[in-house]
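*Asks:* Using the hints provided, position chain B relative to the given structure of chain A.
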Amino acid sequence: MTSQSVDEFRRFLRETTGRLSFEEVEKRFSEALDENPVFAEVERSGALGKNVIIILGGRGCGKTLMLRYIKYKLAKEDWDFVYINGAELAKIAESQGEKGLQQIVEEHDGRLSKDPECRIVLAIDDVAEAPEVAHEYLKNEIELARKHEGAFKLVLATQSERERTFQLLRTVLPEAPHAEMFFGEEPAKIIIESFKSSYINRRPVTSFRGAALINLDAYWSSLRTLDKVERLAEVIVKLADFYAKNAHTCTECVNEISKRGRGLALLALSSIPKLVDALETKIILEYRGAELALNGLGIAELVNGFLADPEMEKLAEKAEELYSELKNLEVSIDVDDVKEALLKSCGVFDYMTPLPNIPVRSVASIDTKRGPRADVIEVKSRMRDGRKELRTIVLHSLRTDKKGYITSGSIKKLKELVQLKVPSEAEMRYLTVLIPAKRHIGAFRGAIGPAEIRREGRDVLPIFIDGLTGIEKALIHLLVKDEKKIPQELLQRVHAVMIGTVVLNLRDSANVPQLAYLMFPHVT
Amino acid sequence: MSVERRSGRKRLVEHIRTDPFIDLAFVQPLINEDDLSVIRRQAEVYNATGDIGENTVAFRTYKSKVKEFVVEVFQKAYPRSIKRDLNEEIVSEKASRAWRALVTLLASQQLMERARAGLGELFPKRYGDLRTCLPVIESMVKEKARSKNRRATEIVKRISKSLDAGAFYDVAPLLWWLNLVMESEVFEALFKYHFIASKRELVEGFVKVAEETLLRIRGHKADFEYMKSEALRALVSRCAELRGQYINKLQNAVVFVKLLRRGVKNPDRWGWFLQDDVLTYAMSVYITELQELSGLEGRELELDITTLLTPRAGAYGGPASALCTLILMSPIFMQYGLEARGEIAVTPADIVIGVLRIFRASKNGEKDLIIGARDLVKEIVRFWEEKDILRRLKLYSRDEATPEALCSKSSFTSSLSLIINAGIGGISITTEKRPELRLPPRMAGFDSLYIRAQQLLLIMQKVWGWEKL
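Residue numbers (this note's numbering), protein chains in the order written: chain A, 3 to 526; chain B, 557 to 1025.
Chain A extracted, bound-state conformation (with noise of 0.2 angstroms):
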């Protein structure tokens, strides 16, 4: 491997890393298109046929990357490709105000009523960037999407953490003529459904009736799981191939990267997924914080810190072992040693506090003197705006005597902190209940009452520990048990993955991850 070759792809890798037109990208990705993992993916849903699409995604999923394959793909079909992005709506809008607007969707209709072969695809890109005067625009758009059914195709994409873009999902999109017939019955609740549970379902593309929602964060979502550590190093390592085929140059960099695929892949898993506020719900999304994102801006980032730093290459081996480690590791854990992996991890970071064993009242100010005592997590997380949200977890665990059942003095402790009004929604105080199995659901229903029963899923969270795979009760087991086993150097990531990945895993009985909403910090 030459030190020429090596420094040419990692040129490549920093100017793709970078904020880049549509010309640039296109200049730039032009070879082994439909080799891309994420493309294929797509590819293979049959989003491309349907003629509302609509790809969302936080800053450097591919968005625009992913409206190069569509143009490339849609091209051998003789579709008519045509890119427009908001900022130029927005000049559009303020130089020539809405009917200038009004005469794109003309001269678009114009051709396609004119020719009956034309076909042509609008690609708006960061279209949270138009101004509301061009929501009546987009509207006229979809209206046109459905009166040239199969000759005119409309792709909207756009950073999932806008606020403009919950306006465009939850009233935009749903408000326009005919959205019923793109979206389905109740448009507007159904497109944020499916956009928020898309991350936590790991399904990245909604088919609708005549439309698609690509959630490119979800196709790495399908991947933040130990489990999968070894189809996300395949990924990687194909994607650090896609980079070399498009700058022509070493193959062999991509050898190199293939050797350590699943260290790198463990240290991707290290990354925080975000959360975004949203019209009365949060949505988890990829974004780089002060650690990489798990998307393609953050492989191509961990590829390029792999071949630039020999810290890191000896970091992503220590990593492959621990991997290897964790892989043939059999062992069992129970719920107070996640309770106490999650205390351990979550003291890691600055914006978590663990609290282990203080007495309720400190945080609930209980008008009891005594009162029970309980783990509890504070999470300060900072908004967007600069205020910091408390959210105060209090953790509890079910825990199991020798045949299996749930123990009488775990029941009666659940029921005191709920009958303590312990759990308080509006003040963000959340009673998280940790159960071995689902089977035990029963008694956690029974332990909270039926007065008390709405309460579940908002703010007493009852979380199963059965879901999480044996990579992860391993990983659990050697946080807590063996962590002298874990490399110094590797304990911090280590303590990331637990937090950003294992917690994913952590549902509640609708298959919520209800501890990630809690632990996750905020896009700022």
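To be clear, the hints were calculated from the coordinates, so they are not data collected in a lab.
Since the structure is predicted, the reported quantities are computational estimates derived from the model, not experimental observations.
Glycine is no exception: its CB is placed at the ideal position from the N, C-alpha and C atoms.
Warning: the hint list may mix true and false statements.
[To be verified] Facing chain B, a subset of chain A residues (Cβ under 7 angstroms, in silico):
{"no.": "1", "residue": "Pro176"}
{"no.": "2", "residue": "Glu177"}
{"no.": "3", "residue": "Ser367"}
{"no.": "4", "residue": "Lys423"}
{"no.": "5", "residue": "Ser426"}
{"no.": "6", "residue": "Glu427"}
{"no.": "7", "residue": "Ala428"}
{"no.": "8", "residue": "Glu429"}
{"no.": "9", "residue": "Arg456"}
*Replies:* Here is chain B on its own, set in the frame of chain A:
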């Protein structure tokens, strides 16, 4: 305000207990960023589950400190009696009402945002941002607390005059609502008055008989109007447990509702209020009519607003709470429409009443039924006519109050959208012939309502807390 009605005590309105400025001082400390964020989230929970959050730390902390704040502020106005009269029981009740008033207020605003209908139409646009109202509340409290014997009516008049029309209409509905909730016993008395006065044949019959009997006396000149107005004043005195000469005490207790009216020439007079008021009259009619339509047999009528805002638990707890807020807010929607725009608004309470009236008339058992939107509006107009609401509305608005005109008004579809978005599963839209009306936010076409009677009745019963009986 009397927290507990004692059998011996006759006076319902008294200083301190029923001073709406003290009520504002109870609300004032809650309008800060930290508490408002808790209240905002609690409003979401209230709409979803019916829990109003009186066990939150924020509420408990507020309750433990509010007395100190109020006593300090009103020390000059009530130098001797404030500490004594604001006993623990009253402080606890007032604090609880202030909390409930704000939670329900924000709950209604959230419903409007969710439905993308009603804000700027049924209520002011900036309605949810309570901080914009804070300077008005602060100046009212400051003025009243400055010294002894400051006249409530003068303060309200002066401050309301100092506000431009936009600011006045932004703050008036909030002050009406706070007044209604915080002094709910006094308003209960007024609702009792409206309840009896709305039975026109009873009052007019008495006036006629009395005057005709007096005619037998030499020199007596019949004056039916005078007799009627005095009879009504006597009724209000009886309902408020107050001797006639103390009627200004009653006015002080309801000062925001009575005096914050730009549509009335001399709002401190009583004649218009007793005979022509819309806000309190409609509230009384809505509450009584809905209870009767929900299947009252053998039950006493409940007229206390704070009781109606009691948290509801279990199945339908959330929708029932949301519907309860919408019903109680409906007279304010109606009054705001009249005051701010001179328009007649069809409110959520009108729609529910219209539906229940048609349902009762159909004698359909508890089977589902479809009601044409036009038939529903016709029924609402009939209800307004029967209950003397229409005459009062026409006094303040030049709007046409025909079914055709009201059907095309956005207040009808906005109110319907609020009901549907509140999760009231018993009412949904459907199209029988032609989708001539549009329901926000998606502007879905419809011309009829599909009523799931059993579900709607269950929710209605939950609204009045009857499932406990």
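*Asks:* Now tell me if each hint is right for this structure.
*Replies:* For each hint, the structure was consulted:
1. At about 6 angstroms, the closest approach between the beta carbon of A:Pro176 and any beta carbon in chain B falls short of 7 angstroms, and the interface hint on this residue holds.
2. A distance limit of 7 angstroms between C-beta atoms decides the matter here; for A:Glu177 the minimum to chain B is near 6 angstroms, and the interface restraint holds.
3. With 7 angstroms as the threshold, the beta carbon of A:Ser367 comes within range of chain B, its nearest partner Cβ sitting at about 4 angstroms, so the hint holds.
4. Annotation: interface hint on A:Lys423 holds; nearest CB of chain B at approximately 4 angstroms, less than 7 angstroms.
5. Hint status for A:Ser426 relative to chain B: holds, with the closest Cβ pair at about 5 angstroms, below 7 angstroms.
6. Evaluation of the A:Glu427 hint against chain B yields a held restraint, the C-beta minimum of about 5 angstroms falling below 7 angstroms.
7. Taking 7 angstroms as the C-beta contact cut-off toward chain B, the hint placing A:Ala428 at the interface holds, the least distance being around 4 angstroms.
8. Interface hint status for A:Glu429: upheld, as the beta-carbon distance to the closest one in chain B is roughly 5 angstroms, under 7 angstroms.
9. Contact between A:Arg456 and chain B, as hinted, is supported at the beta carbon level, the nearest pair being about 5 angstroms apart and thus within 7 angstroms.
In the structure shown, no violation is registered for any of the earlier numbered hints.
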